[in-house]
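Chains as they are written, first to last, in my numbering: chain A, 8 to 605; chain B, 6 to 130.
Be a bit skeptical, because a hint or two may be false.
Partial chain B-side listing against chain A, Cβ under 8 angstroms, derived [to be verified]:
id	residue
1	P23
2	L30
3	P43
4	A102
Treat the hints as calculated values from the structure; they're not laboratory data. Quick reminder that beta carbons are idealized off the backbone N, C-alpha and C, glycines included.
Listed here are the chains, written in short residue letters.
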Amino acid sequence: MEINAQIALTVFMGVLLVAVAAWLTRIEDWRSYSSTAGGVVSQGERSEYIEQEKPAGLIRWLTTVDHKDIGILYGIYGLTAFAVGGLMVVLMRVELATPSTTLVGPALYNSLMTSHGITMLFLFGTPIIAAFSNYLIPLIIGADDMAFPRINAIAFWLLPPSALMIWAGFFAGPLGLGFEAPQTAWTLYTPLSTGSAGGSLDPAGGAGIDLMLLGLHLSGVAATMGAINFIATIFTQRDENVTWANLDIFSWTILTQSGLILFAFPLLGSALLMLLADRNFGTSFFLADGGNLLWQHLFWFFGHPEVYILVLPMMGIVSYVLPRFAGRKLFGFKFVVYSTLAIGVLSFGVWAHHMFATGMDPRLRASFMAVSMAIAIPSAVKTFNWITTLWNGRIRLTTPMLFCIGFVSNFIIGGVTGVFLASIPVDLVLHDTYYVVGHFHYIVMGAIAFAGFAGIYYWFPLVTGRMYQATLGKAHFWLSFIGTNITFFAMILLGYGGMPRRYATYLPQFTSLNVIATVGAMILFVGQIIFVWNLVNSWYAGKRVESGDPWDLKRDGVHTVEWQWFDRKIETAITDGGEEEQNAVTDGGEPIDKSENN
Amino acid sequence: MDENPGLSDQYRKASPWPIFIALGLPVSEIGLVFDIFPLAVGGLLLFCGCIAGILLESNYAKTLWGPVLTMIAILVAFGAALLVADGYTEIGLVTRAYAVFASAIIMSAGLVAGKLFVPKQQASV
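Please construct the entire structure, taking both the sequences and the accompanying hints into account.
Written out as structure tokens, the structure is:
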């Protein structure tokens, strides 16, 4: 590096450190004097209790260790990443509307594909689950906060730098930093990712890959810190009334997921550091004979549990929300918990089904096929329990309920197509085709994202104190449901036709189905624009919820703990002279008001 | 604790340290991996200093000096490990080791300055 740049960086770091130290000193003053300064507590305002415990304004959000605030931060972060990853794939699908390259060149396509995968799994999927669990778990289990509130904040704040490092390659080109966005796909298979030209000079992204490895490692550290926190919280911070026997289904799934994270993410972290060392420090973990297979084993030992890390809590949300709008309790609660635990255990015995085509020992392959098939059993137990919960229930098709039912529907298609892939002979035919892409998108978009939407709509009034616009919510659902099925079913058919995945171009005979998939993706895109508009607009200008039971849960005797907390909060606000606004309408709560259709 | 109320006493639900710990870690990682001396030193100082701060704030440590000393010891050990590792690879690790030592030296200077100049009542929380 040039001397001038070194000096500039030194000055910059010096100024940064002095600024940080000065700011921390100011906080020292602020905490010394604020107790007598007054003005912190604004009497009569509904946020009084918050201001006693946190500073005001932007500083509150930068320094908060409150689980609810951190949950909101996770949510905003996750949805921002969802928008970025979504825009990436819109570009890719537009490119795939024609067989040849028109809009996006092969290199950019590969970069977009790599970042889309990593963004959706690590920067959207895991954080959006943390949003729900941070906000809700302490409320539901009667804890004051998380067991380690500061660790909780550190875990969140590691994520923004992690995202910047993962996306760094996209900024590096325009800034003239001399490296590109990685083109390795999210699986980072060696030898492509080890750098064919040695060190950081490889054509697949150069230092962009190193930064992505560091960013992924950071996000893994964050996830592990969060998992330890949730395990400690659920084990030690429960209210005395909350026993293992009556622990709710969402907490069970978060506990299981945290266990999976605890075993899976440190292994990913180690593998990433080994790859980083191969690329930069002269080691040869993955350069020797068998190194490529070793990477795949290590990666998928993490990679497959990661699927369950993402889907189990979402199944928890569906198990939690779906019965509320079926007018009954979850059917077979115990068996849903047992299935969650069974999936958690089995998820560590299926990883090599991603590697059937690598030429591994056939006897090993058979055992992985057997365990992969076996995991269908607890998954089916859950599915049948959801369906049985709906059976003869008093069903209210609110937006969260629609997304829950959409989850079950898409999960069945995604799950059944997965059972076929678990079979070695079928997998050898369909491996690396669009069938695989269609299958896992039915799960990650059709199921995981749908459950996320269900959760966001269901708890929107709890978090914001306002109601979303119901008609827009339903438009979001139908556009998402139709878009998902058009896009990903077309991909399954493309896979049957033999179209390979991960290419910016394709043979002309695949054009029709690709156009259909692109149309489906555009429908999805429109749906998500409506979602973002609805969320932002309703947060600022939605009608205030004045009932502590906006979903009319008391009628069925399922007014759960978090809504009781909300009820008390609203009662306090009204006593304090909360703002007078028009009553909120419930999305499906009874009676249904005409103004719901705003 | 009672004599010198900390941030967590006034604002129980706030702490200034996590965001800087989360900033220090990636900056030091980038500095060490890409061998960028100022980033490595600055990042390590930010990371280690803020860990000492958060330990004090959350009452895991009674004074600032214990955690800072521990951090210095870890940095020295890490720098020494890098120097040893340098003999086993063709990649130059010496400047990275010096960056780690530089952080340890600056932290030591801070420790000495704090011991000499910070009044006792504020120094021990």
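To see whether the hints hold, each was checked on the structure:
1. The beta carbon of P23 of chain B is positioned within 8 angstroms of a beta carbon in chain A (closest approach about 4 angstroms), and the interface hint is therefore held.
2. Look at L30 of chain B: its Cβ gets to within about 7 angstroms of chain A, closer than 8 angstroms, so that hint holds up.
3. The restraint placing P43 of chain B at the interface with chain A holds, with a minimum CB-CB distance near 4 angstroms, inside the 8 angstroms limit.
4. With its C-beta approaching chain A no nearer than about 13 angstroms, A102 of chain B sits outside the 8 angstroms limit, and its interface hint is violated.
In summary, the one numbered hint that this structure violates is 4.
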